[in-house]
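Chains as they are written, first to last, in my numbering: chain P, 1 to 531; chain F, 1 to 363; chain U, 1 to 371.
These are calculated hints, taken from the structure and not from any lab test. Among the clues, some could well be false.
To be verified - Computed far set for chain P versus chain U, every beta-carbon distance over 10 Å:
| no. | residue |
| --- | --- |
| 1 | F16 |
| 2 | N151 |
| 3 | D402 |
| 4 | E411 |
| 5 | Q426 |
| 6 | G506 |
| 7 | L513 |
| 8 | T517 |
Claimed, not checked - To spell it out: a stretch of chain F is covered by chain U in this simulated footprint if at least three of its residues, at any positions, have a beta carbon under 8 Å from a beta carbon of chain U; those stretches are:
| no. | segment |
| --- | --- |
| 9 | 140-151 |
| 10 | 158-169 |
Heads up, the beta-carbon is just placed ideally off N, CA and C, and yes, glycines get one too.
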Amino acid sequence: MAESPLLEFKNVSKSFYGNNVLNGISFTLNHGEILGLVGENGAGKSTLMRILFGMNVIKETGGYEGEILVDGNLVKFDNPSEALKAGIGMVHQEFSLIPGFTAVENIVLNREPQRKSIISEVFGPRLNTLDRKKMDEISQKSIGTLGVNINKDMLISNMPVGHKQFTEIARELTKKNIKILILDEPTAVLTEKEADTLLKSIKEMAKRGISVIFITHRLQEILSVCDKVLVMRDGVIVRETPADKTTVREITKWMVGREISGISAENNESKIQNKKEIKKIMSVQNLWVDMPGETVRDVTLDIFEGEILGIGGLAGQGKLGIPNGIMGLYEAGGKVFLNEKEISLNNPRLCLDSRLAFVSEDRRGVGLLLDESLEWNITFPAMQIQNKYLKMLLGGFIKWRDEEAIKEVTEKYIKELSIKCTGSQQKAKELSGGNQQKVCLAKAFALEPKVLFVSEPTRGIDVGAKKLVLDALKKFNKESGVTVIMISSELEELRAVCDRIAIVSGGKISGVLPAYTDSEEFGHLMVSNVV
Amino acid sequence: MGKTIIKTDLIDDNNSFMGTVKSAVKSFGLPRLIISLFLLLMFILAPFVGANFFTQLSNTLNRFSWNAVLVLAMVPMIHSGCGLNFGLPLGIIAGLLGATLSIELGFTGATTFWMAILLATPFAVLFGTLYGFLLNKIKGGEMMIATYVGFSAVSLMCMMWLLLPYHSPNMVWGYAGTGLRTTISLDGYFNQALSGFLRINIGHLSIPTGALLFFGILALGIWAFLHTKTGTAMTAVGSNAKFARACGVNIDRVRALSVIMSTWLGAVGILVYEQGFGFIQLYNAPFNMALPAVSAILIGGATVNKASITNVIIGTFLFQGIVTMTPTVINSMIHMDMSEVIRVIVSNGMIIYALTRKSEVSK
Amino acid sequence: MKKNTIVSFISNNLVPLMFVLICSVAIPLSGFSFSYLLAEIVTRIARNSFLILSLLIPIMAGMGLNFGMTLGAMAGEIGLILVSDWQIWGIPGMILAMIISVPISILLGTISGKIMNLAKGREMITGYIMNYFINGIYQLIVLYAMGVVIPIVHSSILLPRGYGIRNTVSLLAMRQSLDNLLAIRIGTVKIPLFTFIVIALLCLFILWFRKTKLGQDMRAVGQDMEVARASGINVEKTRIISIVISTVLAGFGMIIYLQNMGNLSTYTAHSQIGMFCIAALLVGGASVDKATIGNVFLGVTLFHILFIVAPSAGTKLMGNSMIGEYFRVFVSYAVITFALIMYETKKRKALREVGRSLGLSQTRLSQSKQA
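Throw the hints in and build the complete structure from the sequences for me.
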């Protein structure tokens with residue numbers, strides 16, 4: 001029987017604002033096949049799945065090129081409900097469950113079996129009453145196929161995380177004509193035992209003819225359940241291989257391994273090699289941070305004066321939590337010392353007073369006053385913390401804004417960082433992403449910090465701007481001797497800029513290596529204790 | 001060839017002209033434009049229905065001078081992101097306490113006014129502190145709670161006006177000897193204390209210089225405050241609280257300070273209002289003071305989290321202009337007194353418009 | 001353990017318990033007889049319950065206390081003004097008034113719902129300002145258009161100047177026509193049985209409604225708009241429907257309320273009704289995001305006991321009846337303020353709870369490590 005594959009991607013490409021994020025993706029998925037999809041963050045996995053699932057964001061940014069075929073028919077989904085109709089289900093990383101509803105109510109959400117009545121005949125089907133008995137039956141059956149023991153009448157808000165995950169999967173399974181199920185890191189929140197159960201039920205599903213696309217950072221899981229593994233990097237599929245013919249080590253290599261360019265000799269003869277001359281400027285001990293989605297569990301780390309330390313790791317492993325916790329933006333515990341002096345946590349002001357500065361990854365949310373001028377954005381922290389750009393009137397009783405000094409310093413930074421703008425009075429929201437990022441840097445530079453945290457400095461900005469931003473950082477480090485701690489999801493970027501790189505995995509530091517170490521090593525650290 | 005070029009030029013000009021008009025309308029706000037044009041129409045029509053232009057202008061200026069400080073009381077809280085100060089009655093109560101205490105203590109003439117401000121200040125600071133503390137506990141739900149905090153305070157004070165041991169015969173009910181009257185005349189006290197000062201009379205035009213000057217001083221004070229370090233922090237908190245926090249600003253303290261300032265301005269505002277109006281109104285009167293002030297500043301171009309002194313001046317002028325002009329003009333035109341209804345629709349429509357604006361914080 | 005449950009019971013029912021306490025002091029002070037009180041309470045339950053029940057559905061849809069229920073009340077009043085002009089009295093008059101009110105309520109409810117959709121997260125303050133705004137329009141229609149644009153036949157309800165409705169419209173010929181239907185008397189207490197049947201029917205309707213698809217959708221939208229939207233529920237429409245239902249029911253409720261009163265204060269009858277209904281519901285232990293039929297009846301009873309006894313208790317205590325009047329107004333406002341504050345702090349607490357539990361577990365972890 002020469003049947004066509006269930007799903008086929010033919011040369012699919014996608015670009016966001018001129019940035020190619022997917023390039024000529026082609027693969028097939030057969031009935032009942034389990035496909036493992038792996039790759040670093042930003043490799044294009046989620047974009048690929050968004051295209052398949054018809055998410056609005058794809059259409060809004062100009063659609064995609066290439067063809068997608070389901071059962072041999074060309075499809076183009078404009079929104080998720082069309083994808084659902086075609087039999088594609090997706091379980092997201094974030095739960096989309098209603099907390100005050102029971103498992104049953106969530107499983108059949110908006111697809112509840114209903115009973116007609118005279119009233120609903122007159123006023124429309126929304127006045128049908130719910131058929132609770134049938135709702136129970138459907139849910140029970142669906143939970144049963146998963147092979148887990150979930151109380152179907154329990155409220156979601158009272159459930160352990162693992163059960164929530166199963167409830168979501170159960171919901172996808174009750175959808176009529178479900179053919180392809182996309183699981184985006186489903187085991188991330190599960191205990192080992194629960195994960196095993198899930199893997200078993202994935203195999204069960206496949207036996208019943210449902211195809212599964214399984215995205216995870218736990219490579220061992222991929223090897224144990226998948227038929228086929230797709231490894232993505234930089235928007236292309238670098239390897240497609242049967243799962244039983246490869247190893248974790250090999251996959252890691254494909255994921256991160258590439259010809260390294262741009263690592264200068266200067267970096268390689270790192271300053272850290274002469275460790276004895278170099279002073280420890282900061283020491284972090286047993287830090288935990290409650291940052292939603294980026295939980296830090298137990299981080300211990302030393303930072304040396306004048307270095308550029310990179311912190312890398314996969315998304316959700318806690319690398320972003322570290323600077324946010326130290327700077328007091330999220331609740332944190334543990335000990336942080338600066339020059340042997342302890343810094344109290346959970347108080348942004350004290351951190352700033354002791355000459356730490358932070359460029360947040362949430363540029364628009366935390367980093368900028370979008371509705372205010374560049375002058376305000378750049379000078380505000382230095383004004384508030386260090387009383388700069390103020391005129392003291394009446395013997396310091398009145399601290400009057402010194403508009404001239406503000407303008408002067410703003411123009412200085414505009415020139416230095418070549419910020420493209422109409423003038424120092426322009427509002428921050430009118431700038432492009434890259435220029436906004438430069439404003440954030442200028443804001444931190446104006447504080448003249450001893451230690452500067454920079455979180456995801458190149459996220460969401462175009463290639464040209466990336467280089468400018470990184471160069472500015474390097475220059476600042478070199479010229480003012482400021483210790484820089486740069487957090488980034490892009491390993492190559494870290495390797496190009498940093499002296500040492502610490503990798504965070506599972507909320508802990510899984511290792512600190514010099515930047516010139518093979519990227520394969522870093523890859524291993526990244527997945528070493530993924531939770 | 002030449003002709004075509006000229007033509008396209010014209011079209012381009014035309015387009016860009018339409019474009020500028022459109023963007024001007026957009027930035028100015030359609031409702032504000034309509035209100036301004038309406039008021040302009042009123043002033044144009046006034047002479048035709050037999051109303052003297054200068055008398056009308058004087059009335060508007062007069063009412064402006066009564067109300068401007070109350071509208072100014074919105075500014076600090078909007079700046080710090082606490083939203084529209086529906087809790088204005090709290091400040092008004094402080095002002096009323098100041099006024100009645102000042103009379104009770106036996107002051108007379110214009111001195112009562114300054115004493116009233118002095119006596120109202122501790123109350124305003126106390127109320128403002130408590131109110132600010134509360135608003136910091138419920139960030140995000142300020143406006144609704146502010147409304148009801150104001151109402152609760154007003155109704156609590158209704159009981160207090162009856163019970164507090166006031167004795168001044170000019171203020172208590174004659175027959176019972178206790179309990180304050182609903183309306184207390186300010187003749188002999190601070191009636192026209194400011195408005196009468198340096199009043200300019202030219203024909204039909206009469207300008208309450210003193211009251212305008214007093215507002216000017218307060219407005220200048222607020223303007224200056226917003227140029228200091230703390231004032232800058234206040235604006236930043238309102239613009240993006242997360243940003244301000246990351247820059248080490250103590251958000252709760254800045255917000256509390258803004259609430260105290262607004263409450264104090266509310267207290268002074270009601271005293272200025274009373275000196276112009278000539279009476280102290282107690283009991284249920286403060287209930288109806290917040291909404292006009294809120295809508296005035298919105299008409300002036302403020303949004304839920306941005307306001308300037310210019311907004312206050314334009315808004316109060318437009319709002320009070322409509323309040324004074326519509327009765328005279330509309331009544332004589334169609335012989336129906338629709339001014340109250342128009343005022344209600346315009347002012348509340350304006351508030352709804354502001355509440356539904358998505359531009360709360362650009363993200 | 002037992003102590004804990006008592007504490008949580010008290011903290012969860014603080015408002016009703018406070019009211020029981022105030023009432024138990026005020027009732028003896030007022031000196032009213034038990035039978036008088038009972039008769040009054042029964043009347044007021046019959047008069048107000050329908051109006052208060054109209055608040056339940058928007059709460060279910062997560063839109064908070066519908067301060068805009070006053071819009072429905074105004075629609076009901078317009079219906080009553082028109083039927084009293086057409087001299088259709090009694091039950092037929094009431095039914096006709098209700099029929100007239102329905103399209104007006106639907107229109108106002110839709111407008112209100114749409115505006116609230118534009119101001120998500122600020123529904124209550126928006127609804128509250130909507131009251132004032134629509135009240136202006138109502139005055140425009142009733143005070144100026146009626147008798148000019150809208151024909152009014154009987155000059156008895158018109159102002160002497162020839163247009164606009166008088167400040168009070170007598171509904172004497174309709175007075176208690178619903179209440180007297182099937183009314184039974186036990187001692188001095190008159191029980192308006194038919195009114196209670198109508199209220200019971202509404203309760204049944206609400207219970208049934210919760211079991212419908214639409215009711216389920218509303219609950220889903222109320223809890224998490226984004227999830228509901230992702231599952232394909234039309235969030236905006238569902239929210240509008242909830243406000244429309246509430247507005248229509250409030251219109252009916254107002255007509256029932258006014259037939260009991262026997263006259264209509266054209267320009268003031270609706271102005272405070274929303275506030276009193278909301279206060280009563282909250283007194284019954286409801287909150288901004290949760291309200292049951294039980295809350296309605298407990299609330300209306302407790303709230304109105306206080307309303308009846310406060311003035312005379314005030315007179316006895318302070319020698320001034322106004323004190324009691326002011327006191328009950330103060331209590332209404334204070335209850336709403338308190339409930340709003342509780343709601344907001346609870347919301348913030350829930351957010352912080354997550355953080356605290358993680359912090360605890362981490363500290364414990366590091367402690368055990370050190371040990």
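(request) Please name the hints from earlier in the document that this structure breaks, with their numbers sorted from lowest to highest. (result) none
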